[in-house]
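One-letter residues, chain by chain:
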Amino acid sequence: MIKTLPKLFFFLCALLLVGGMDATAQDLTDVHTIIDRANLAAYYAGDDGRALTRLTIVDAQGRERIRQFTILRRDVEDGGDQSYAVLFSRPADVRGTVFLVQKHVGEDDDRWLYLPSLDLVKRIAAGDKRTSFVGSDFYYEDVSGRAPQEDEHALIETTDTQYVIKNTPLDPGSVEFASWTVWVDKATFLPMKMEYVDAAGDVYRRIESLAVETVAGYPTVTQMKVSDLRTGGHTISEMRSIAYDLGIPEQVFTERTLRNPQREWFSTRP
Amino acid sequence: MRGLLFVLLLCGPTLAFAQDDDWGDDWGDEDVQAVEIHGLVEVGVGSRVVADDAQPGDVLMNEARFRLSLSHFTDRAEFSFKGDALADAVTGDVELDIRQALVTLQPSSSLVLRLGRQVMTWGTGDLVFLNDLFPKDFVAFFIGRDDEFLKAPANAVRATVYGNTVNLDVAWLPRFTPDRFLTGERLSFFDPGQGQRVGLENLPAPLDAVRPTATLAHSEAAARLYRTLGTYEVALYGYVGFTKQPAAFDADAQQATFAPLSVYGASLRGGLAGGISHAEVAYYDARDDRDGDDPLLPNSQLRVLVGHEREVATNLTLGVQYYLEHLFEHEALLASSFTPDYAPSEQRHIVTSRWTYRARQQTVTLSLFTFWSPNDGDGHLRPVVQHQWNDAVSFAVGGHLFFGDAPTFFGQLADNTNVYGRLRYSF
Chain A
153 MIKTLPKLFF FLCALLLVGG MDATAQDLTD VHTIIDRANL AAYYAGDDGR
203 ALTRLTIVDA QGRERIRQFT ILRRDVEDGG DQSYAVLFSR PADVRGTVFL
253 VQKHVGEDDD RWLYLPSLDL VKRIAAGDKR TSFVGSDFYY EDVSGRAPQE
303 DEHALIETTD TQYVIKNTPL DPGSVEFASW TVWVDKATFL PMKMEYVDAA
353 GDVYRRIESL AVETVAGYPT VTQMKVSDLR TGGHTISEMR SIAYDLGIPE
403 QVFTERTLRN PQREWFSTRP
Chain B
849 MRGLLFVLLL CGPTLAFAQD DDWGDDWGDE DVQAVEIHGL VEVGVGSRVV
899 ADDAQPGDVL MNEARFRLSL SHFTDRAEFS FKGDALADAV TGDVELDIRQ
949 ALVTLQPSSS LVLRLGRQVM TWGTGDLVFL NDLFPKDFVA FFIGRDDEFL
999 KAPANAVRAT VYGNTVNLDV AWLPRFTPDR FLTGERLSFF DPGQGQRVGL
1049 ENLPAPLDAV RPTATLAHSE AAARLYRTLG TYEVALYGYV GFTKQPAAFD
1099 ADAQQATFAP LSVYGASLRG GLAGGISHAE VAYYDARDDR DGDDPLLPNS
1149 QLRVLVGHER EVATNLTLGV QYYLEHLFEH EALLASSFTP DYAPSEQRHI
1199 VTSRWTYRAR QQTVTLSLFT FWSPNDGDGH LRPVVQHQWN DAVSFAVGGH
1249 LFFGDAPTFF GQLADNTNVY GRLRYSF
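Chains as they are written, first to last, in my numbering: chain A, 153 to 422; chain B, 849 to 1275.
Isolated chain B (complex conformation):
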């Protein structure tokens, strides 16, 4: 793949760079172009601002990214490629992250096929996911990379059938693609086994997890049946696969692993009282631990979300959400757990808010996202200021604050409170 990128880089300039933004030009779109080329260059730095004994250093992000996006249309198909080369001074590596390598086919007016590496999203939550079991990158999310990196790409076959009364979206991931989870590198987290926050200083190695063997039976499938009813969008969801986080433990390998999981759910979204309301439910079926008495596997869950977003003043938008995670068979979990003191609560309530204020003709955006759990007492704040300097250059400065006691979800991250800045040039 690395070879391909360099070939593309070499060929690039000769293909279609005739796109200056001069008024006299032909506006690009009327052009019959071989390949459209875009991309970006971005540098990002970020650092922990609190002491963390579990980590050897405080720099969480120190990187330069180069992206090349290529797309090409024919009458029958659309080809798109988006590849990032990331020079990462924190790990000392140069990584190639192919975010998209996709063929889109529209064989009939009612069928769209998307084949290849792609980012996928569905569901109604804002930074809260119930029926969206597509891979996410929580490292990127907590160290200050752009929001787009919260979604990690996956190799998939996606088919969407547009029917007269209902539409069907099916995604099949031949190989299980987990989240990009916290490993102890950069970010420390709570390890119930050690009873403390762990990082590179007190872990023998960054956390690794045993993946399900790459067989057909271990592939992932997700489906969504949806339609619009007036102003409302209704959807039913199903998923068969594994927990996206290494929430289980493989006793043979003495390593974290992913537990078999099926998810069934539904959502509703539409205009209400001058704003947008959404509601979503999902049942997480821990297929191999329905009784909840296997301490190595997570229990089944019910997840419920309701939210509302509206413009509260000119250019100021507020979104609020209430989210519930209910653990089934909590008593069995406590009875069988090796570390009952650190076991999760039976119910976890979370309230989120998102404040967005746009100023100076939308070139400046002030945004604050908050998570807070009234019963677990932990939370997370994500303030960010973004400025679009011109059509090509933008920058962002922000922070991630975590608070709460160690075993709770955000409390375990408390020693990772950080600030960051990014500068991006898009072409």
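In isolation and in its complexed conformation, chain A is listed as follows:
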């Protein structure tokens, strides 16, 4: 019984998390509540998580590149700081490369990169979060989340299934967009589509959630597509072997993992 209690607790939490699923429930009208729940649903499911991820990067000519990695995440606090560890397995020339991020909300993240051929632990300047993640159309910020406090939010439409929210950056100089709009699923609170608009009012970038599965009670986007409408290129992200609440210790997100990633946590073998 003692053992099953935590499970029951998680089950109840999961129920609460997807509480809005009931179609007859009242629509939410407070945009901050929606945005916060969307942030939690998209980036903070469980206390930690693991997935084998493949990015297929396709340029305008149809040429494909692949980045495959195992990603571990651990939340320090829901909606707050998080740690990420990424171990690359493909392509061959980046195999064994490890990327470690200590995400700090409201401050610069700490980022490290380990290059196995040189046995080199590199510290990476926090820099612009809106630059390409490993050469894909995803930005760093798409992977680890954009803090809701950085934008002003307006609920512009509530459809049968979605909340449509327009977000305007508080510091327009820090980003390349004038605004972005997100379509949030009413039942799961997952963002189903995001469109970024430039100063001229044109949509130039789109992220779509192509597939959603419920894993361990958490609705999870398992397939995503980001399109760069200016270059004509796109990247598809697919996730497999997803697991939540593994109890990954804090120590996994330290220099130890950069040099010696522990199979126990990174292996996605069944």
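Hints were generated in silico from the structure; no laboratory data involved.
Honestly, I wouldn't trust all of these hints.
[Claimed, not checked] Subject to a maximum C-alpha distance of 20 Å in a straight line, what follows is the list of computed DMTMM-like cross-link-like pairs (lysine to aspartate or glutamate):
1. A:274 x B:996
2. A:345 x A:365
3. A:318 x A:302
4. A:274 x B:1159
5. A:274 x B:974
6. A:338 x A:328
7. A:274 x B:1179
8. A:274 x B:994
9. A:338 x A:309
10. A:318 x A:304
11. A:338 x A:188
12. A:377 x A:360
13. A:377 x A:397
14. A:274 x B:995
[Stated by the list, open to error] Label pairs and their calculated CB-CB ranges:
15. B:1120 x A:199: 30 to 36 Å
16. B:975 x A:188: 42 to 48 Å
17. B:975 x A:300: 56 to 62 Å
18. B:1086 x A:397: 38 to 44 Å
19. A:366 x B:1016: 41 to 47 Å
[Stated by the list, open to error] Chain A stretches covered by chain B per the calculated footprint, using a threshold of three residues with CB under 8 Å from any CB of chain B:
20. 270–278
21. 396–410
Glycine residues also receive a C-beta, built at the ideal position from the N, C-alpha and C atoms.
Got chain A sorted already, so can you dock chain B onto it with the hints?
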């Protein structure tokens, strides 16, 4: 070892080549594989672009490399092997360079052992080394091989203990492993004895050096004690061994050799003002020449480094470093030196910069690294353009420019200014 490589080559294809990059495949990682096989094929050419009377030819690199990487995991251990066969038209040899032959054990959650041949790196400098006394290959570094070849492998036992408050990293190299230093083959350098730049044209033979006899007392040991404090990483270092370059002279053998050396140091690295800053110091204790009056041995030194790196514009990163080498007992050195005119300055100041610009979704990288010594007036530029054609094929075109007067570190290399190109296929 050569036999082993061929056996592995023969067995290879039957072991685990079932890794096509098709979407329909099983993503590899879920596969229980016997041995994972990877590798590369690379061709590189490079040539001197200035006249050098000390060398019979200008071709610095003309080679083909084949690498086989094998790895195998069990619950208790990880085995990895990385061997390069290098067909080198400059030397006319086929060389086998085992870069890794390693067993990694994690006997407990707080201990990692890495036993065997391996590349090791620590310290905070960018192409400037203070507390990293692991072997380096300066020939590879100056003729245009990939950056990874700057680090040479060594046979070592490495143990890392992860503690609650502090971590300890210890590396023991049973046999002294020097840098792969300039010998006069390919690259010419300044010889104070001859008072001129020397190469194959004016050397009786490529430079060789007497190594310390292979006894336990002549092994190398390096240790690092480190921890993270918030965003900062702090470390203390120690090393006992020999100078990694043949900086001493063995009067009996009438040959260059390696001087006994101990190094103690510390470093700090962390986020500062939106970038990454680092600082490092090291005291080089010339154990057998603390008074600095033995002309056959190098003097003690203090090395200091500070640096900062940040993204200055989208996709453009700039790193700058200031580095100081202070020679102790400089007067004694001048008084005892056979060639005081060519003696090094008491202080050598160096400023470095690294510019990196990534374009076209990081498939194109433009990079420039510069070294410049304001007081010695010498320097070195390393421009390179790299292009990732696809996941398997990449190429690089670059150059190495040296300037300054002969006795200075980069000035002595001035006749080696070169350009190079490399094409690599990885699998």
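Against the structure, the hints come out as follows:
1. A:274 x B:996: Between residue 274 of chain A and residue 996 of chain B the Cα gap is close to 14 Å, so the pair holds against 20 Å.
2. A:345 x A:365: holds (16 Å)
3. A:318 x A:302: holds (13 Å)
4. A:274 x B:1159: holds (15 Å)
5. A:274 x B:974: holds (9 Å)
6. A:338 x A:328: violated (28 Å)
7. A:274 x B:1179: violated (39 Å)
8. A:274 x B:994: Holds, at about 17 Å.
9. A:338 x A:309: holds (12 Å)
10. A:318 x A:304: This hinted pair holds, its Cα atoms lying about 8 Å apart.
11. A:338 x A:188: Given that 20 Å is the threshold and the Cα spacing comes to 13 Å, the pair holds.
12. A:377 x A:360: The given pair, whose Cα atoms are some 5 Å apart, holds under the 20 Å limit.
13. A:377 x A:397: violated (26 Å)
14. A:274 x B:995: holds (14 Å)
15. B:1120 x A:199: 30 to 36 Å: Check passed, 32 Å falls within 30 to 36 Å.
16. B:975 x A:188: 42 to 48 Å: holds (46 Å)
17. B:975 x A:300: 56 to 62 Å: 41 Å Cβ-Cβ, so the 56 to 62 Å window is violated.
18. B:1086 x A:397: 38 to 44 Å: Check passed, 43 Å falls within 38 to 44 Å.
19. A:366 x B:1016: 41 to 47 Å: Since residue 366 of chain A and residue 1016 of chain B have Cβ atoms about 45 Å apart, the given range 41 to 47 Å holds.
20. 270–278: Check passed, 8 qualifying residues.
21. 396–410: With 4 residues close enough to chain B, the hint holds.
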